[in-house]
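Q: Each chain, letter by letter, is given below.
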Amino acid sequence: MYTQGLNVADGDKSIPIERRDDPREAAFQRRVDAEEKIEPNDWMPEGYRKTLIRQISQHAHSEIVGMLPEGNWITRAPSLRRKMILLAKVQDEGGHGLYLYSAAETLGVSRAELVDQLLSGKAKYSSIFNYPTLTWADIGAIGWLVDGAAIMNQVPLCRCSYGPYARAMVRVCREESFHQRQGYELMLKLAQGTPEQKRMAQDALNRWWWPSLMMFGPSDAASIHSSRNMAWKIKRVSNDELRQKFVDVTVPQGHFLGLTFPDPELRFDAATGHWVHGPIDWSEFERVLAGDGPCNKERLAARRKAHADGAWVREAAAAHAAKRAARASRAAAE
Amino acid sequence: MERAAALFEYLLRHGDSCLILGHRVAEWCGHAPELEEDIALANIGLDLTGQAEQFLAYAGTLEGKGRDADALAYSRDAWDFRNALLCERPNGDFAHTMVRQFLFDAWQVEAFAGLARASDARLAGIAAKAAKEAHYHLRHSGEWVVRLGDGTAESHARAQAAVDALWEYTGEFFETDAVVAALGDSVPDPAALKPAWNATVDEVLRAATLRRPKDGWTQTGGYAGRHSEALGHLLATMQFLPRAYPGATW
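So the protein lines, in turn, are chains G and V. Oh and the first sequence: position 124 is 124 in our numbering, straight run, nothing missing. Oh and the second sequence: position 92 is 92 in our numbering, straight run, nothing missing.
In isolation and in its complexed conformation, chain G is listed as follows:
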């Protein structure tokens, strides 16, 4: 995921523009240009801080919301091995959410604030998770395509100028690439299976292909913040370049599975050595991003319900911790 959020919000007033006359700004840019890592206590432009908070928190929210469509199949995983793989994967995603929230907290925002932004609908998460997981093959397709696309986006982020984010990405990428291989292996098993299993695999590819391409965000021509984020080395490779790389890697993998991509215009261009895909329906992307996707309301409702249902548990944990602390200080006083 999950750079798409950077490209929305034309004229977003919450991100201040840089002040070219500020000498700290120039010094900051020199450090970024020299590939130095920016650390939490370093001076940074307000726009840099806010951009990072937005991107890292969107990434964290995406990990958390992403647990829902996959969790949908944990109780129906068709073998003990598949169940264990899926449980481990969803657990990893929760872990990614945790260290991404921690990375965001180094920028001066609390996890509670970020979670509130998600639950209030103010913060975005990856739109891909607004699509449903209808068959077991969708679990394979998410691993193969969605995690595959995420890796394309995230590998360059390991070199992001902000140290805590870059370091979190190193670990996240390692685990994502494991998930991607497991997803592909699941698809392979289906593709080599019974006609019904093959049908499941094809149906999953039909439904997940275009949303996966949309994960890279609007084309470079329509991208708002890209050039500044490139200069800050928050974003290092353009949306279109990443998307092309994903298509080039993924199309032969799909053909190896014996599956057909739902794009009649898809062709290999021998001159450039690239796979060329047909036009992306950006109206669908905009619509789902704006809230009108198959599962937007369900996903948010599920997060809100979990948060509301868990309130008494969190209150109990806090109350018990306070009682313990009070008992300990009384004991120390005696």
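In case anyone wonders, no lab produced these hints; they're calculated from the structure. C-beta: ideal position from N, C-alpha, C; glycine also. Mixed in with the good hints there might be a few duds.
Label-pair restraints from in silico Cβ distances [unchecked claim]: (1) K323(G) / R117(V): 34 to 42 angstroms; (2) D309(G) / H233(V): 17 to 25 angstroms; (3) R212(V) / G291(G): 21 to 29 angstroms.
In silico DSS-like links for lysine-lysine, alpha-carbon gap of 30 angstroms or less [claimed, not checked]: (4) K323(G) / K214(V); (5) K305(G) / K122(G); (6) K323(G) / K124(G); (7) K194(V) / K189(G); (8) K198(G) / K124(G); (9) K129(V) / K214(V).
Facing chain V, from chain G, some residues (calculated, C-beta under 8 angstroms) [said to hold, decoys possible]: (10) G95; (11) L188; (12) K189; (13) P195; (14) Q253; (15) R314; (16) E315; (17) A317.
Using the hints, position chain V against chain G.
A: Only chain V this time, still in chain G's reference frame:
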């Protein structure tokens, strides 16, 4: 009862208990009270499913009819399951889930400690590895029972309600029957695990300011294949794919 048949039954008791409780715990995924708990519950579900796989694989080998762990997990109907009834209790609220887990973990820690010394090397090996996980689970669930019991008035009431509701399912762990008798000294005597379980439970309930219910009538039958209504629904979900697509491998 012949010893091999008894051991098969005994392995199913452990394997099915892990499988069914692991399934229940995994139902929380994405819906836990906080992110750390989502991760912890997925981890516990994963451990229990892994333990189930080990016990069931051994059971299948011992049976010698070509059934592997998956065949046992996905192709039996409720009456052939041998899990303790506590494990199939629905999740309820977080207090029910944690109290259920705690009452089970406190038993499993003792059961695995005994089994790790079993004369059967394969069984001892499975238990020794799983014992480490069980200790971690017990620490986690025990701490939650204390937090909930000694938290707010609401959490205390919910935790006490869970203890009261689940208590009648704990007696089953300590029952002796023909299966256990046929295995003699090669497995721990279930009744002999009770004092240590009592000590763990009493210590945690005391710290949690929760009342220990009186021992009375006990729900029983899981080890003999007589289950609650809840198990059939769980299996209908869990076994859906292999049953809908017979002959497919995944």
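Q: Confirm or reject each hint.
A: Verification of the hints:
| no. | hint | in the structure |
| --- | --- | --- |
| 1 | K323(G) / R117(V): 34 to 42 angstroms | 40 angstroms, holds |
| 2 | D309(G) / H233(V): 17 to 25 angstroms | 21 angstroms, holds |
| 3 | R212(V) / G291(G): 21 to 29 angstroms | 51 angstroms, violated |
| 4 | K323(G) / K214(V) | 28 angstroms, holds |
| 5 | K305(G) / K122(G) | 17 angstroms, holds |
| 6 | K323(G) / K124(G) | 37 angstroms, violated |
| 7 | K194(V) / K189(G) | 47 angstroms, violated |
| 8 | K198(G) / K124(G) | 34 angstroms, violated |
| 9 | K129(V) / K214(V) | 34 angstroms, violated |
| 10 | G95 | 6 angstroms, holds |
| 11 | L188 | 11 angstroms, violated |
| 12 | K189 | 6 angstroms, holds |
| 13 | P195 | 10 angstroms, violated |
| 14 | Q253 | 20 angstroms, violated |
| 15 | R314 | 6 angstroms, holds |
| 16 | E315 | 5 angstroms, holds |
| 17 | A317 | 5 angstroms, holds |
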